[in-house]
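Chains as they are written, first to last, in numbering that gives the first Met the number 0: chain A, 0 to 206; chain B, 0 to 164.
Just so you know, these hints were derived from the structure itself, not from any lab.
Glycine included, every Cβ here is placed at the ideal spot set by N, Cα and C.
One thing to keep in mind: the hints can contain errors.
To be verified - Partial list, computed: chain B residues near chain A (C-beta under 7 Å):
(1) G13
(2) R14
(3) L15
(4) R20
(5) L31
(6) G45
(7) Y59
(8) D102
Said to hold, decoys possible - Label pairs and their computed distance ranges (CB to CB):
(9) A:G8 to B:R134: 18 to 24 Å
(10) B:V50 to A:V55: 31 to 37 Å
(11) B:W30 to A:G44: 34 to 40 Å
(12) A:G53 to B:W30: 44 to 50 Å
(13) B:S144 to A:T41: 53 to 59 Å
(14) B:S144 to A:M50: 42 to 48 Å
(15) B:R134 to A:V55: 24 to 30 Å
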Amino acid sequence: MLTGEQEIGDRLAAVAAQVREPRFGVESVARRIRRRRACFITMAGVSMAAMAVGVVSVLFGLGTGSLPAKSAHQSPPAVWLPIRISVSGQTAVVTRSSPRPGFVVPAGRRLPITAQVTVPHGVRVQKLWLGIVTADRSAGGPAGPTGWAAVLLRATKSLTSGQRTFRLRWAASRALRPGSKVYLIAYWVAGRSQVEAIIASLVIRRN
Amino acid sequence: MESWHQMLGGLADGRLAELKRQAFLLCGDEWLAEDLLQDALVRTFGRPFHVPVPGTAEAYVRKVMVNLFIDQGRRRSRWTKAAPLLPRAEPVPDIAEQVAIRDAVLTAMDGLSARQRACIVLRFYEDLPVAEVARVLGLQVGTVSRYLSEAVARLGELLSATERR
Numbered sequence: 000m001l002t003g004e005q006e007i008g009d010r011l012a013a014v015a016a017q018v019r020e021p022r023f024g025v026e027s028v029a030r031r032i033r034r035r036r037a038c039f040i041t042m043a044g045v046s047m048a049a050m051a052v053g054v055v056s057v058l059f060g061l062g063t064g065s066l067p068a069k070s071a072h073q074s075p076p077a078v079w080l081p082i083r084i085s086v087s088g089q090t091a092v093v094t095r096s097s098p099r100p101g102f103v104v105p106a107g108r109r110l111p112i113t114a115q116v117t118v119p120h121g122v123r124v125q126k127l128w129l130g131i132v133t134a135d136r137s138a139g140g141p142a143g144p145t146g147w148a149a150v151l152l153r154a155t156k157s158l159t160s161g162q163r164t165f166r167l168r169w170a171a172s173r174a175l176r177p178g179s180k181v182y183l184i185a186y187w188v189a190g191r192s193q194v195e196a197i198i199a200s201l202v203i204r205r206n
Numbered sequence: 000m001e002s003w004h005q006m007l008g009g010l011a012d013g014r015l016a017e018l019k020r021q022a023f024l025l026c027g028d029e030w031l032a033e034d035l036l037q038d039a040l041v042r043t044f045g046r047p048f049h050v051p052v053p054g055t056a057e058a059y060v061r062k063v064m065v066n067l068f069i070d071q072g073r074r075r076s077r078w079t080k081a082a083p084l085l086p087r088a089e090p091v092p093d094i095a096e097q098v099a100i101r102d103a104v105l106t107a108m109d110g111l112s113a114r115q116r117a118c119i120v121l122r123f124y125e126d127l128p129v130a131e132v133a134r135v136l137g138l139q140v141g142t143v144s145r146y147l148s149e150a151v152a153r154l155g156e157l158l159s160a161t162e163r164r
């Protein structure tokens with residue numbers, strides 16, 4: 000039985016000695032190497048480009064993410080709904096460009112508020128909210144606005160084109176000091192656009 | 000710094016034959032040995048951002064070649080089991096004793112697993128220490144020792160059986 004390691008080595012060397020010189024040319028190997036390197040470089044370039052695109056989109060996403068959420072969710076052009084608003088017999092029409100009206104209201108009394116909303120032709124309003132905020136800011140999101148002091152209306156059905164009239168009631172808190180302001184705010188989603196806007200200010204009357 | 004082309008040229012000046020011998024001992028076939036060597040060269044120098052350190056190219060090619068052989072051995076395990084049963088088709092114009100040795104050794108080597116075979120070639124043909132064999136194959140020293148022990152015993156049996164015939 001063959002046990003000597005030296006003997007194995009000798010036999011392997013004897014077999015290896017019978018092997019002929021390589022029959023392939025170095026140039027053919029070099030060509031394959033060049034092709035492989037080019038392939039690697041192409042793949043690396045594509046990966047780098049993909050990464051660059053990813054980084055840019057992430058940065059862009061972060062950039063928009065730092066803006067107020069309502070802007071992030073607004074898709075231009077925003078659909079504006081003209082609203083005719085009446086508070087305690089005082090009436091004003093609010094359009095996109097008109098100045099926001101101010102109504103003087105007493106504290107502690109239930110106020111009749113009427114909002115007549117005009118949905119333009121060809122527009123379908125999926126969500127419509129009306130409410131009160133105590134400061135001229137709030138946050139909107141896919142689930143609706145947040146940070147409102149009171150929600151006076153939350154339409155549960157989609158609104159097609161035409162006029163809708165909503166009769167609401169709200170009482171300003173007695174704790175509000177005379178001369179202080181709260182705001183009537185509207186939020187709607189129409190198609191891909193989402194709008195949240197102050198539509199009037201309510202000034203607490205001085206007694 | 001030495002480019003891949005210069006390193007390849009350096010290997011082509013006489014070292015390719017030695018690498019092919021090692022590849023042949025691994026494969027047991029001249030054509031397969033050439034394929035294995037070429038694949039190892041392409042793998043070694045084909046990565047643009049990873050070129051071997053000058054002076055280590057041959058060792059690197061050898062390592063890639065052994066690992067490629069083991070990987071291919073996994074894929075061809077069924078064929079490896081059947082191949083020793085077939086007669087060798089390659090004509091051997093050498094003298095009778097050399098033919099007999101070659102045939103006996105290659106037939107015996109075919110009875111080993113790819114890793115055992117790689118261990119035998121690296122240890123007894125390349126004359127590498129066991130620790131170096133373990134490093135090349137990425138195995139523990141103890142594992143290599145076990146492979147070597149099993150392979151030597153198996154080779155002994157197979158060669159003795161061949162010689163008795």
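Check your understanding: Taking 42 to 48 Å as the hint, is the beta-carbon distance of S144 (chain B) and M50 (chain A) inside that range?
Key -> Given range 42 to 48 Å: holds, Cβ gap about 46 Å.
Review point. For the hint on G45 (chain B), does the least C-beta distance to chain A fall short of 7 Å?
Key: Since chain A brings a Cβ to about 3 Å from G45 (chain B), closer than 7 Å, the hint holds.
Check your understanding: Is 31 to 37 Å a correct range for the gap between the Cβ atoms of V50 (chain B) and V55 (chain A)?
Key -> Because 32 Å falls inside the window, the suggested range holds.
Check your understanding: Does the interface hint hold: is R14 (chain B) within less than 7 Å of chain A, judged Cβ to Cβ?
Key -> This hint is violated: R14 (chain B) lies away from chain A, its Cβ roughly 10 Å from the closest one there, beyond 7 Å.
Check your understanding: Should the hint that G8 (chain A) and R134 (chain B) are 18 to 24 Å apart at their CB atoms be regarded as holding?
Key -> 20 Å, holds
Review point. Quick one, is the D102 (chain B) hint okay against chain A at 7 Å, beta carbons?
Key: 9 Å, violated
Review point. Do R134 (chain B) and V55 (chain A) keep their Cβ atoms within the hinted range of 24 to 30 Å?
Key: With Cβ atoms ~44 Å apart, the hint is violated.
Check your understanding: Is it true that S144 (chain B) and T41 (chain A) lie within 53 to 59 Å of each other by Cβ?
Key -> For S144 (chain B) and T41 (chain A) the Cβ distance comes to about 44 Å; the hint is violated.
Check your understanding: Does the Cβ pair G53 (chain A), W30 (chain B) satisfy 44 to 50 Å?
Key -> Between G53 (chain A) and W30 (chain B), where Cβ atoms are some 46 Å apart, the hint holds.
Exercise for review: Classify the hint on L31 (chain B) as holds or violated, based on whether any CB of chain A lies nearer than 7 Å to its CB.
Suggested key: 12 Å, violated
Review point. Given L15 (chain B) as an interface hint, is the shortest Cβ-Cβ distance to chain A below 7 Å?
Key: 5 Å, holds
Exercise for review: Answer holds if the nearest beta-carbon of chain A is closer than 7 Å to that of R20 (chain B); otherwise answer violated.
Suggested key: Result: holds, 4 Å to nearest chain A Cβ.
Hint check: violations occur at hints 1, 2, 5, 7, 8, 13, 15; the rest are consistent with the structure.
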